[in-house]
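The two chains are supplied separately, each in an independent frame; assemble them into the complex guided by the hints.
Residue numbers (my numbering), protein chains in the order written: chain Z, 10 to 267; chain P, 1381 to 1706.
Worth flagging that the hints you see were computed from the coordinates, not collected in a lab. Each residue gets a CB set at the ideal place from its N, CA and C atoms; glycine is no exception. One should not assume that every hint holds.
Unchecked claim - List of simulated lysine-lysine pairs, BS3-like, C-alpha gap at most 27 Å:
id, chain 1, residue 1, chain 2, residue 2
1, Z, K79, P, K1609
2, Z, K27, Z, K225
3, P, K1609, Z, K61
4, P, K1596, Z, K225
5, P, K1596, Z, K124
6, P, K1515, Z, K61
7, Z, K12, P, K1596
8, Z, K61, P, K1610
9, Z, K103, P, K1596
10, P, K1596, Z, K79
11, Z, K85, P, K1596
12, Z, K85, P, K1610
13, P, K1610, Z, K79
14, P, K1416, Z, K103
15, Z, K194, Z, K103
16, P, K1515, Z, K85
17, Z, K27, P, K1596
18, Z, K71, P, K1596
19, Z, K79, P, K1515
20, Z, K225, Z, K12
21, Z, K73, P, K1596
22, P, K1700, Z, K61
23, P, K1609, Z, K85
24, Z, K85, Z, K194
25, Z, K103, P, K1700
Unchecked claim - On the chain Z side, residues computed to face chain P include the following (Cβ under 8 Å):
id, residue
26, D77
27, E81
28, A88
29, K89
30, S91
31, Q92
32, I98
33, L100
34, L101
35, M108
36, Y111
37, P112
38, L265
39, G267
These are the residues of each chain, in order.
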Amino acid sequence: MIKGHQINYQSQNVSILKSIDINVGYGEFLAIVGPNGAGKSSLLNVLANEIKTDKKQEILFKDKIIYDWKLEELSKHKAKFSQHNSQDIPLLVKDVVMMGRYPYFGSQPTLEDIKSTEIAMVETEIIHFRDRDYNSLSGGEKQRVHLARVLAQLDNEIAHRLLFLDEPLNNLDIKHQYNTLELIKKFTQNNNTAIVVLHDLNLAASFADKILLMEKGEVLAYGFPEEVFTEEKISRAYNFPCTICKHPVNDSTMILFG
Amino acid sequence: MVLALNIGVYDFGGSSSYEVLWKFLTGDSSLSLSEKYVIWEVRTSRIIMAVLIGSMLAVSGTTLQGMFKNPLATGESIGLTSGATLLAAIAIVLGHTFEQYLPEIIRNSLVGVSAFVGAFLAMVIVYRISTSAGKTNVVMMLLSGVAITSIGFSITGFLIYISKDEQLRDLTFWNLGSLAGATWTRNIILSIVLLFSYIIILPKGKALNAMLLGEKDAQHLGINVETLKKQIVLITSLMIGTCVAFSGTIGFVGLIVPYILRLLFRSDYHFILPLSAICGSILLLLADTISRTIVAPSELPIGILTSLIGGPIFIAILIKYKNTLR
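Extracted from the complex, chain P is given alone in its bound form (with noise of 0.2 Å):
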């Protein structure tokens, strides 16, 4: 955090970024307007931004990979991110013209509710395609992850098509990802939601661990899976589309940091589901400080890099997973 803060194309002009941090937190009359603005609505909230989305999508990731009981599942695999993107994408293209008649709140929020409600809709639809009985077959799993990501890139590429100068601007950031939306607001909701959402998760290692013996052996345990699976259901569509709707599609964050963890720790969730609320801010905030520095002045989306390393990694896990999928 301390290195990422430092590094950007601000120059402030000799003086370090923490002299200058520091002055703005104690107040110091010294500092220019642009000074203040840059250290703190640009470079300290889009840390900030980082640490959370990065965290919540490590989390997510893990969650679900213990509910479906295979390390492949993301929100990016099974179509979580891109249900939400999908709804994200109507509800900026067509969310003006029914916007009168909605109340104030919606209004307002009217984008990050439809990633939240997409990201729902496409986790329910994997689940009941891919799980009978207890059992998830993993290829369907896959499959029906493939199916939603093509009918959402279909339509959002369609919305592309037909939006306005403004709203495709809008559009091309969610496909990239970016952490440049980055303002105190949306970290404010991000830990609102970061915090609730953990108190419910965070202690359900022992219950992820059961579930790998089956859900009716987990049930035997003392587990009611039922409920468990309807609050990770609820709660990772939260943080995915929560995260969609503020940085758009950053892939595969769930994916790398429960992969490093398990090398370490095996599949045991008591330690990496913790872990990797701690790990997905680390990674995301060192890829955040690449992605704004390797082609200074101008920044790569983040995107591009989480997937350039998720995708071998992606791949890696399927060739040792090959014996089980059949």
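If we strip away everything but chain Z, and leave its shape as in the complex, we get (with noise of 0.2 Å):
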């Protein structure tokens, strides 16, 4: 799916990321964890073609270099859900997330358009304040409309779409966290592909596939939950004491800080 082959990028003379390489597959779901600092969220964004690094031909995006793809195409393949979004943006919440539709229409949405965000809005539990003014909500309700907008501008017929998250679950309660995991675990059942920077360790070891747990610009540990969060492994990362045991309920990975 996307490709990153010995990825560095410096900011203001400090390195953020220091040859990192990465490749995730079709139908994925990866989580990047790692203290803060730690350069997850400047991964994302040179990934996501936020950023640009030194060298030209670091990202493959479908075997392609992302930067040869026409801004156009690029955007009903892959969506970015951003950590800081405006929080001033004086539309109504379904004007906010007609946006994820730009790409797919010229002037006037189709039907189909408004059928892509009210599926989007009654996903993310936002289709009863479609109506009102995206600046009257609150935090964790302006976030939900953003993922609303992430989720309807992917809606499409297109094979292996590619899903940017960056920290999703800032400002939600604990019932929207886990729903919006399982929107995006759902969206990579479809061979889809989904890599979210989450800051919850037991969020990702119960939802993702794989783990990316980076320190310092660099990959500290890659592989499956089991593989990862392993007391080494965070408490070195981390600085921090913690215990692996097994989920009481569900048997996945759960970490214990202290």
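This is the structure:
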């Protein structure tokens, strides 16, 4: 799906990403985890074609250099949910969600576009305030509006779509955290790919197929959750003691700190 | 438009202006030369000019607000108008000293081209100062506008000080703004500029909406933000430059019109962009009609009138956005 080879990225002479190799396959749910300042968001931004790195030929999206894709074409194959969404958008909720359909229509949205946005709004449970002002929503509700927007953006017939999400669970209550992760999981089950920056290791362990653990701009560990989430690796990355055990109900890996 | 045609100082001796215009258009020979002149060269051409300039000023304001993602951005507040006025003033005062070295075509459009260059330079400076990494700092945007305006003001003031009588009249006209300079040649140029600009800018409603998400997210929606910004910088400079060249500084049209439209349609540029083209025309025509009747037989410079409406609206927007200005 997407491959990166020897990704290096510097910002103001500070090396943020150091020779990172990454290869994410079709249908994979990859969670990027790591302490603050590990370079998680930067890696996501580089992969999503948002910031340019020093060398040109590093990132291959569907076996084609990502810079060679046309922006309009690319927007139907991949979407990104950003960490810092604009707090001030003087439009209705449904208008913001409709932006996700901009790549598909010229001047007026078609019935199909309207249907797409409605499905997305139902899935993210914001349909009941579709006619409200975006600016009147709370932080968590705004997050869900943008989630609906990126879901509507990738509602198409293209095989193998890619969704980037940068800390999508910020500000969300526990129910919507699970709801969001389940939506992402459902998306990846149709052979689509999701690359998600997460802070909650337990949620990452129970939902993601693969984990990428980062520290100081480098990949510390990559693999299945049970391979990456070991006491030694996590303690080292976060510099904080932890214990690993099995979840008593669903048997997934559980990390207890302290 | 119909009403505006009828209002004016000249008395057509009993018959209404519409009859006179009709007679003119059908080539009726009973019209006197002065009647012909007033109805066609003065009144009709002035109305058309108000429509064209009002429309372009409003659209340029709306477009700038879309690019800077802020309803306070207009040609005046960020110094574009001053930049245009400054270079136009330089062209008027100093123009004839190096006139003989310039090719004919540039010599004729010297003031217009200078106004465009002035607006363009001001735009580039303001954008460079106020925007970094795709985010606009509103305070920086307005302050750099203030800086450019004050530079423009002082140099224009100096030029007024050193200029000769004939140039002085021209310069005063720039600073106050007036549609009295309307001619058909100018209207044709304005129409061409308007047509060219609107073909590029008016379909950008969706893109400007997406810019509300931030430039990076707009890019993820398939919008080439860099190209869009370059187009906006060029086209708004062109529109504002041309308007300033022909009518001087008519302030705040680009602020008032989008402000009113936003009350009705929020910030949906898909609606407010084309509508500001229409409402700008209406506003300026209305303002011009008032300005030439309120103190008849003389006339009030139109810039005074638009600024009178625009100032309070500017303050209203400021108060509303107090919380986001940090």
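Results of checking the hints against the structure:
no.: 1; hint: Z:K79 <-> P:K1609; verdict: holds (18 Å)
no.: 2; hint: Z:K27 <-> Z:K225; verdict: holds (8 Å)
no.: 3; hint: P:K1609 <-> Z:K61; verdict: holds (19 Å)
no.: 4; hint: P:K1596 <-> Z:K225; verdict: holds (25 Å)
no.: 5; hint: P:K1596 <-> Z:K124; verdict: holds (26 Å)
no.: 6; hint: P:K1515 <-> Z:K61; verdict: holds (17 Å)
no.: 7; hint: Z:K12 <-> P:K1596; verdict: holds (21 Å)
no.: 8; hint: Z:K61 <-> P:K1610; verdict: holds (20 Å)
no.: 9; hint: Z:K103 <-> P:K1596; verdict: holds (21 Å)
no.: 10; hint: P:K1596 <-> Z:K79; verdict: holds (16 Å)
no.: 11; hint: Z:K85 <-> P:K1596; verdict: holds (16 Å)
no.: 12; hint: Z:K85 <-> P:K1610; verdict: holds (25 Å)
no.: 13; hint: P:K1610 <-> Z:K79; verdict: holds (19 Å)
no.: 14; hint: P:K1416 <-> Z:K103; verdict: violated (55 Å)
no.: 15; hint: Z:K194 <-> Z:K103; verdict: holds (24 Å)
no.: 16; hint: P:K1515 <-> Z:K85; verdict: holds (25 Å)
no.: 17; hint: Z:K27 <-> P:K1596; verdict: holds (23 Å)
no.: 18; hint: Z:K71 <-> P:K1596; verdict: holds (22 Å)
no.: 19; hint: Z:K79 <-> P:K1515; verdict: holds (24 Å)
no.: 20; hint: Z:K225 <-> Z:K12; verdict: holds (21 Å)
no.: 21; hint: Z:K73 <-> P:K1596; verdict: holds (22 Å)
no.: 22; hint: P:K1700 <-> Z:K61; verdict: violated (37 Å)
no.: 23; hint: P:K1609 <-> Z:K85; verdict: holds (23 Å)
no.: 24; hint: Z:K85 <-> Z:K194; verdict: holds (19 Å)
no.: 25; hint: Z:K103 <-> P:K1700; verdict: holds (24 Å)
no.: 26; hint: D77; verdict: violated (15 Å)
no.: 27; hint: E81; verdict: holds (4 Å)
no.: 28; hint: A88; verdict: holds (6 Å)
no.: 29; hint: K89; verdict: holds (5 Å)
no.: 30; hint: S91; verdict: holds (6 Å)
no.: 31; hint: Q92; verdict: violated (11 Å)
no.: 32; hint: I98; verdict: holds (5 Å)
no.: 33; hint: L100; verdict: holds (5 Å)
no.: 34; hint: L101; verdict: holds (7 Å)
no.: 35; hint: M108; verdict: holds (6 Å)
no.: 36; hint: Y111; verdict: holds (5 Å)
no.: 37; hint: P112; verdict: holds (4 Å)
no.: 38; hint: L265; verdict: violated (37 Å)
no.: 39; hint: G267; verdict: violated (37 Å)
Going down the numbered hints, you'll see the structure goes against 14, 22, 26, 31, 38, 39, while the others check out.
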